[in-house]
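Chemist: Spelled out, the chains give:
Number of protein chains: 4
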Amino acid sequence: MKKNEIEDTGLSSKFQTRTQRLIGRDGSFNVKKTGIGRFESFNLYHYLINISWTRFFILALLFYIVINLAFTVFYVIAGPEHLGIEKNLGSLHSFMNSFFFSAQTLTTVGFGRVNPQNAWTNIIATLEAGIGLMVFAVATGLLYGRFSRPATNMMFSRSAIFAKWGDNQRAFQFRVANAFTTEMMDAEIQVIASWLEPGEDGNEIRKFYALKLEYAKIVFFPTVWTVNHVIDENSPLFGKTLDDMIKDEAEFLILFKAYDDTFTQTVHARFSYRHDELVWGAKFKRVILIDEKGKSFVSLDKMSELEKVEI
Amino acid sequence: MKKNEIEDTGLSSKFQTRTQRLIGRDGSFNVKKTGIGRFESFNLYHYLINISWTRFFILALLFYIVINLAFTVFYVIAGPEHLGIEKNLGSLHSFMNSFFFSAQTLTTVGFGRVNPQNAWTNIIATLEAGIGLMVFAVATGLLYGRFSRPATNMMFSRSAIFAKWGDNQRAFQFRVANAFTTEMMDAEIQVIASWLEPGEDGNEIRKFYALKLEYAKIVFFPTVWTVNHVIDENSPLFGKTLDDMIKDEAEFLILFKAYDDTFTQTVHARFSYRHDELVWGAKFKRVILIDEKGKSFVSLDKMSELEKVEI
Amino acid sequence: MKKNEIEDTGLSSKFQTRTQRLIGRDGSFNVKKTGIGRFESFNLYHYLINISWTRFFILALLFYIVINLAFTVFYVIAGPEHLGIEKNLGSLHSFMNSFFFSAQTLTTVGFGRVNPQNAWTNIIATLEAGIGLMVFAVATGLLYGRFSRPATNMMFSRSAIFAKWGDNQRAFQFRVANAFTTEMMDAEIQVIASWLEPGEDGNEIRKFYALKLEYAKIVFFPTVWTVNHVIDENSPLFGKTLDDMIKDEAEFLILFKAYDDTFTQTVHARFSYRHDELVWGAKFKRVILIDEKGKSFVSLDKMSELEKVEI
Amino acid sequence: MKKNEIEDTGLSSKFQTRTQRLIGRDGSFNVKKTGIGRFESFNLYHYLINISWTRFFILALLFYIVINLAFTVFYVIAGPEHLGIEKNLGSLHSFMNSFFFSAQTLTTVGFGRVNPQNAWTNIIATLEAGIGLMVFAVATGLLYGRFSRPATNMMFSRSAIFAKWGDNQRAFQFRVANAFTTEMMDAEIQVIASWLEPGEDGNEIRKFYALKLEYAKIVFFPTVWTVNHVIDENSPLFGKTLDDMIKDEAEFLILFKAYDDTFTQTVHARFSYRHDELVWGAKFKRVILIDEKGKSFVSLDKMSELEKVEI
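Residue numbers (the numbering used here), protein chains in the order written: chain A, 1269 to 1579; chain B, 1269 to 1579; chain C, 1269 to 1579; chain D, 1269 to 1579.
Pulled out of the complex, with its shape left as it was, chain A reads as follows (with noise of 0.2 Å):
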């Protein structure tokens, strides 16, 4: 095995040949997974946390109309007459005030002009309004969930390079800034290096390689973090163009995690660069500017601005 290489990163060396994305823009692994049932690979709390907002009150909408459908039918069964519900006014009217009737119960609003009467029309009232203080109870637990998730909002520059190090060498480099305002700490990243190679039976078979960083952990985090890999002798760059990375379908996956102040929790991202990402032959602008005052600040949307370099 060559140096740094990692056998099975959990992306597996025979996984993916050619054309596909490991990691999407988004951070999610592009990856699809059969033989198992839907049932078994579902979560409730995993889908309901993970569903866009518009979903989450649709869904929300529809539960609660289906609930109240459901005890209006019950209603209907006990007699709407026993609510207090005209009944010469026709069934529509019935099962409308019932329905009217069942949601001022699930939510405990109740009005109480139209009211339970007889025992039957107790009993599910009182079952209703229960159930209605659980349902809203996991209601509140679902919100609370959905909005406390710690977020990340990070900034990886458009391209991976290759820059110029010292006199005679090179290193593999990207940015990374925290588009929140938010505080961040102990920030830290891994990249894995990944490209296809001839296997041991002549097909390609993908391989990974860690890239060590030259400062792969940092205190404090409040500007723009240029990552930084020196392709020396021990490097698996080392020797490697813009070509062989291209021909080999490279890509170059990193993970981000850092404290965060506000959600005081340690929050993670995934990103990565593919072969036709990289530029070969540049450097980073300079994105920490003094305003007219003499005070200096960070200029986030230079971030990914490059100079072309000879290396």
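A portion of the hints provided could be inaccurate.
Since the list gives no way to pick one copy over another, a pair counts as held whenever it fits inside one copy or between any two copies.
Stated by the list, open to error - Heads up, simulated DSBU-like pairs for lysine-lysine below, C-alpha to C-alpha not over 30 Å straight-line:
id	residue 1	residue 2
1	Lys-1576	Lys-1551
2	Lys-1475	Lys-1570
3	Lys-1485	Lys-1300
4	Lys-1551	Lys-1300
5	Lys-1561	Lys-1475
6	Lys-1300	Lys-1553
7	Lys-1576	Lys-1515
8	Lys-1480	Lys-1515
9	Lys-1561	Lys-1300
10	Lys-1432	Lys-1475
11	Lys-1525	Lys-1300
12	Lys-1563	Lys-1508
13	Lys-1563	Lys-1475
14	Lys-1563	Lys-1515
15	Lys-1485	Lys-1475
16	Lys-1553	Lys-1475
17	Lys-1475	Lys-1525
18	Lys-1300	Lys-1576
19	Lys-1515	Lys-1561
20	Lys-1570	Lys-1300
21	Lys-1563	Lys-1300
These aren't lab readings, by the way, just hints derived from the structure by calculation.
With chain A fixed as given, assemble chains B, C and D onto it according to the hints.
Modeler: For chains B, C and D alone, coordinates are given in the frame of chain A:
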């Protein structure tokens, strides 16, 4: 002490003579504790978080009925006529309507047809509404605690195998995968081998050995991880045959940890392979296959499939 | 500085001359702080989370009464007749019914017999209902914060002992077990020995030494862990007798950490053994016994039992 | 690169020429970011968690009024007479009573004197009660998120000092204490020294150096921790005078972490000492004193007191 031996792993070298599995297939420890009172070892929150949903809802319903009955008694003592309940319809009618009024107050639905009209009924209702909100606050917390609890659905291969490694070595291997659709990172595995050995006093005692893994930690974990321990001369498994392991009641204990992106938390899973779940001379079949469009995918139903290999 | 000495452990080498225990039996530090104002050192959430349940419920009840009284005053000023309360029944009647109405509004039970009928009473009721929901939201959070707080119920052996180790060595040992039925993993122990030594200026000063443990970390922790420090020539205990330790007011400070599967969180516990809780020349009796069916079990009530041993 | 130099700490070597403090006295980074849109860098949860309580309650009140006004408009359109509001008392009377009814519905207080009596008013009320519960669910979550957020109240000594160490060495020291009554464990400190140095291109650039601490981690932290960096020949401070540090705009950045037993979580704090907060030739006075009963106690108001020492 031999290489890699762990003397006291908390499972204790004196624990378990024969026939008992250390870790059940559900991940729980097969350990009975005595000598502490029921109340000392009982924690209500532990209990309510760990019981099944069915049991949880039955307990919630019972609690709802009991607390309403308790307040019903107070209202009956205070006089249901002060709630506006007609007295001449009998004590069953009074009792039931007091119960329904209690439920309307506890849930804060408060329809108002029946309502407190003197000081005592008002005082009871004031307390009940306050207590009701506290009770449902606790229920909200418990429900949130239950469904937001990090769940895992880890799949382990049916057998652990002894595979060929290199030219003339062997390896101990098993597979693990995440059956949920969540994304996991920074996955870690610890494996402890355990078997009986003759002790100093002639009795068999159980010994524990940490197995050094080729990769004990991986950065990304979207597919299937084939955990691999090479049986070199430093391995406690070196020179052991399958018959030895059956005779000595071997068991391989596994602790899995990973960061789960949906729960934004580290999740844990335990598992064990007993001597009758070991296969000598095998290799795992490929789980990463190519579909008709040339895209690779992971076939989780094949993760336990083996091919016979001479070792 | 001597081997393993820790100069400033946060407990301070100048702290505690004699007679005072550093860590109480309940795990709290026996340290009085002065020089900061009451308000600076006070955090309401800390307070409400740490007080006993009795005190918490008394405070909640008082708060409920006080907030209702405050709104009652507003209703009385606005005129209880606008709530539909009969004026000619006297001011006590008005006050009490305003109070009950306030409670019905704060809890959102809203029976409606008494209800706001002019602008001012409506405005007050609108505010009160909104505030009521916020108050109960805070109560919900506090209750959840209280009962979901990781609790531990660690048992430590009554004494720490000096046992025989190998042929002519000694070991410092104590035992720890989880009295709850929860499952713990990745348990860690840190032990710091502390005693008085003559300082440079002739005064006694307290010194702290980290004790190297045979196993400071174990993977699984379902039974009883006998924590073991071998007193070899590198140990700060080397050459010390029990009399020395009594004379020098020795105390052994213990910090325990483990991952608890029910709280899905790392839990902590502190403990200490003072010189009068040390036993010289002993060994712990077995806690893992075999029942009549040949199954082994852990007898936690035996974890402090000792046998005399010549050392 | 010099010993212990950190090239890019996320604060960037090119950041800050002169006159600007890197970390404010409140622990926030003194960094202005530009180039990202307001919406991209904005996270509603971040905002609502971080604003002051006053602002939070004003926003909550405004939101309460606005959402009620919105529903009032719907009721006015649907016809307030269908809520049982007398039409002939004028449109202000209708509007106000619709508003009060809306508040009664949103908060689920539902007195019932005013109540929905036709289909449209019932539909609006049904939605409003449901939305009201969701709104208060979000409020519950936010309130819980706000007050359960780990708070720290760390005291740092007013100055960092250069003290005598051993016979002819110096040490850089400062003090830290927990002003809360909570108990902290596993406290960690990281210190980064920073100053301007002439860069290659003649411009001054800011350099960062990690300071090696005598103890960077302590197990128990109940009193005052005097953090100590010995200025030996490996220290970046070796040979530097106070004048050098003033001239080079030195700043010492501090990151503190500890496990807090009340929040059952790791808490963080940041601080910095600037060149004008350094004292050359001093030692800290004792903070652990003995009271009249011979019991020692910690006097936190003395933690910044210094004695002059020739160094």
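Chemist: Determine for every hint whether it applies to the structure shown.
Modeler: Evaluation of the provided hints:
1. For the identical chains of this complex, Lys-1576 and Lys-1551 are intra-copy neighbours only, at 7 Å inside a copy versus 51 Å across copies, given an alpha-carbon limit of 30 Å.
2. Taking identical chains as interchangeable, the C-alpha atoms of Lys-1475 and Lys-1570 lie at most 30 Å apart only when they sit on different chains, with a minimum of 23 Å there against 34 Å within one chain.
3. In this homomeric assembly, Lys-1485 and Lys-1300 come within 30 Å of each other (Cα to Cα) only across copies, at 23 Å, whereas the closest approach inside a single copy is 32 Å.
4. Taking CA atoms no more than 30 Å apart as the test, Lys-1551 paired with Lys-1300 passes between copies only; the shortest distance there is 23 Å, against 37 Å inside one copy.
5. Taking the shortest Cα distances, Lys-1561 and Lys-1475 sit within 30 Å of each other only across copies (23 Å), while inside one copy they are farther apart (51 Å).
6. For the identical chains of this complex, Lys-1300 and Lys-1553 are inter-copy neighbours only, at 18 Å across copies versus 39 Å inside a copy, given an alpha-carbon limit of 30 Å.
7. In this assembly of identical chains, the alpha carbons of Lys-1576 and Lys-1515 lie at most 30 Å apart only when taken from the same copy (23 Å versus 37 Å across copies).
8. Taking the shortest alpha-carbon separations for Lys-1480 and Lys-1515, only the intra-copy value of 23 Å comes in at or below 30 Å, while the best inter-copy value is 37 Å.
9. With identical chains, the CA atoms of Lys-1561 and Lys-1300 are at most 30 Å apart between copies only, with a shortest distance of 13 Å across copies and 54 Å within one.
10. Taking the closest pair of Cα atoms, Lys-1432 and Lys-1475 come within 30 Å of each other both inside a single copy (26 Å) and across two copies (21 Å).
11. Taking the shortest alpha-carbon separations for Lys-1525 and Lys-1300, both the intra-copy value of 25 Å and the inter-copy value of 22 Å come in at or below 30 Å.
12. When the C-alpha separation of Lys-1563 and Lys-1508 is checked against a cutoff of 30 Å, the pair qualifies only between copies, where the shortest distance is 27 Å, while the shortest distance within a copy is 42 Å.
13. In this assembly of identical chains, Lys-1563 and Lys-1475 lie within 30 Å of each other by CA distance solely across copies; the values are 18 Å between and 47 Å within a copy.
14. In the homo-oligomer, the alpha carbons of Lys-1563 and Lys-1515 lie at most 30 Å apart only across protomers (18 Å), although the nearest pairing inside one protomer, at 46 Å, exceeds that limit.
15. Taking the shortest Cα distances, Lys-1485 and Lys-1475 sit within 30 Å of each other both inside one copy (25 Å) and across copies (17 Å).
16. When the C-alpha separation of Lys-1553 and Lys-1475 is checked against a cutoff of 30 Å, the pair qualifies only between copies, where the shortest distance is 19 Å, while the shortest distance within a copy is 32 Å.
17. When the C-alpha separation of Lys-1475 and Lys-1525 is checked against a cutoff of 30 Å, the pair qualifies both within a copy, at 24 Å, and between copies, at 24 Å.
18. For the homomeric pair Lys-1300 and Lys-1576, the shortest alpha-carbon distance between copies (28 Å) is at most 30 Å, but the shortest distance inside one copy (39 Å) is not.
19. Taking the shortest alpha-carbon separations for Lys-1515 and Lys-1561, only the inter-copy value of 21 Å comes in at or below 30 Å, while the best intra-copy value is 50 Å.
20. In this assembly of identical chains, Lys-1570 and Lys-1300 lie within 30 Å of each other by CA distance solely across copies; the values are 14 Å between and 36 Å within a copy.
21. In this assembly of identical chains, Lys-1563 and Lys-1300 lie within 30 Å of each other by CA distance solely across copies; the values are 9 Å between and 50 Å within a copy.
Checked against the numbered hints given earlier, this structure breaks none of them.
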